[in-house]
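A.B. asks: Chains as they are written, first to last, in the numbering used here: chain A, 4 to 118; chain B, 1406 to 1520.
There may be inaccurate statements among the hints.
Some, not all, of what chain B presents toward chain A, calculated at C-beta under 7 angstroms [unchecked claim]:
no., residue
1, Tyr-1453
2, Gly-1456
3, Ala-1459
4, Pro-1501
5, Gln-1502
6, Gly-1503
7, Glu-1508
Under 10 angstroms between C-beta atoms, here's a sample of chain A residues computed to sit facing chain B [what the hints assert, rightly or not]:
no., residue
8, His-10
9, Asn-11
10, Val-14
11, Ser-17
12, Tyr-28
13, Tyr-30
14, Phe-37
15, Tyr-39
16, His-46
17, Gly-56
18, Arg-80
19, Ala-95
20, Asn-97
21, Lys-105
22, Phe-108
23, Gly-109
Don't read these hints as lab results, they were simulated from the structure. From a predicted model like this one, the values you see are computed outputs, not experimental measurements. From the three backbone atoms N, C-alpha and C, an ideal C-beta is built for every residue, glycine too.
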Amino acid sequence: AQSVSQHNHHVILSEAASLELGCNYSYGGTVNLFWYVQYPGQHLQLLLKYFSGDPLVKGIKGFEAEFIKSKFSFNLRKPSVQWSDTAEYFCAVNAGIQGAQKLVFGQGTRLTINP
Amino acid sequence: GAGVSQTPSNKVTEKGKYVELRCDPISGHTALYWYRQSLGQGPEFLIYFQGTGAADDSGLPNDRFFAVRPEGSVSTLKIQRTERGDSAVYLCASSPQGGPYNEQFFGPGTRLTVL
Chain A
4 AQSVSQHNHH VILSEAASLE LGCNYSYGGT VNLFWYVQYP GQHLQLLLKY
54 FSGDPLVKGI KGFEAEFIKS KFSFNLRKPS VQWSDTAEYF CAVNAGIQGA
104 QKLVFGQGTR LTINP
Chain B
1406 GAGVSQTPSN KVTEKGKYVE LRCDPISGHT ALYWYRQSLG QGPEFLIYFQ
1456 GTGAADDSGL PNDRFFAVRP EGSVSTLKIQ RTERGDSAVY LCASSPQGGP
1506 YNEQFFGPGT RLTVL
């Protein structure tokens, strides 16, 4: 069975600080990887995704993530955070095979950016 | 265009009662998913529909939970004999078609509280 682990439950940063949120998954086969974000009072929305190819993927709002297969990791990064990045971030995985539909989510990381 | 909508936004019920939660997917999306999110956790898969049929119901916790999508559009999640442990936010998502490579678009959720 697949599982996803997010190391940090709550991260507090000041504006302009650099961000890295950890995500590790457990699955032996091909995977598709996602980061979703939930801003206060809003629904989950996709930040970025990785299916194949270049392991460094860029998403919306200046976010990027790097897939490191040997470490089963897909960490999210942003060089300089803004107050508007305050949100909850979820890493998710599904098996990269036809017929695999469900997303398996990590427990989430709450990010607070102080102005 | 309109996103995924869910009604009601909040539902408070008493232990042992029956509840129905409704999901309206994005028009034209053939795939529909239900997830459940408990406090402090990431969403947890419940069931996936492709068209009218439940293609994967492996996440339903027990036979008190049932979902339908009779016309391949709107879906209803039904919970019988509710228990306090059923309290959570129930999320619906849809995607243009099934498969692991399609982005899932999430609704705002229904917050269910069982007293």
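A.B. asks: Against this structure, judge whether each hint is valid.
C.D. replies: Checked hints:
1. Tyr-1453: With a closest approach of 5 angstroms, the Tyr-1453 of chain B hint holds.
2. Gly-1456: violated (13 angstroms)
3. Ala-1459: violated (11 angstroms)
4. Pro-1501: Violated - the Cβ of Pro-1501 of chain B stays beyond 7 angstroms from chain A, reaching only about 13 angstroms at its closest.
5. Gln-1502: Cβ of Gln-1502 of chain B sits 11 angstroms from chain A, so the hint is violated.
6. Gly-1503: Holds, about 6 angstroms.
7. Glu-1508: holds (5 angstroms)
8. His-10: For His-10 of chain A, the interface hint is violated, since the closest Cβ of chain B sits about 14 angstroms away, which is over 10 angstroms.
9. Asn-11: violated (13 angstroms)
10. Val-14: violated (15 angstroms)
11. Ser-17: The hint is violated - Ser-17 of chain A has no Cβ within 10 angstroms of chain B, the shortest such distance being about 25 angstroms.
12. Tyr-28: violated (12 angstroms)
13. Tyr-30: violated (12 angstroms)
14. Phe-37: holds (8 angstroms)
15. Tyr-39: Holds. Min distance 8 angstroms.
16. His-46: holds (5 angstroms)
17. Gly-56: Hint on Gly-56 of chain A: violated, closest Cβ of chain B at ~13 angstroms, above 10 angstroms.
18. Arg-80: violated (20 angstroms)
19. Ala-95: holds (7 angstroms)
20. Asn-97: holds (5 angstroms)
21. Lys-105: holds (4 angstroms)
22. Phe-108: holds (3 angstroms)
23. Gly-109: holds (5 angstroms)
Of the numbered hints given earlier, the model fails hints 2, 3, 4, 5, 8, 9, 10, 11, 12, 13, 17, 18; all others are met.
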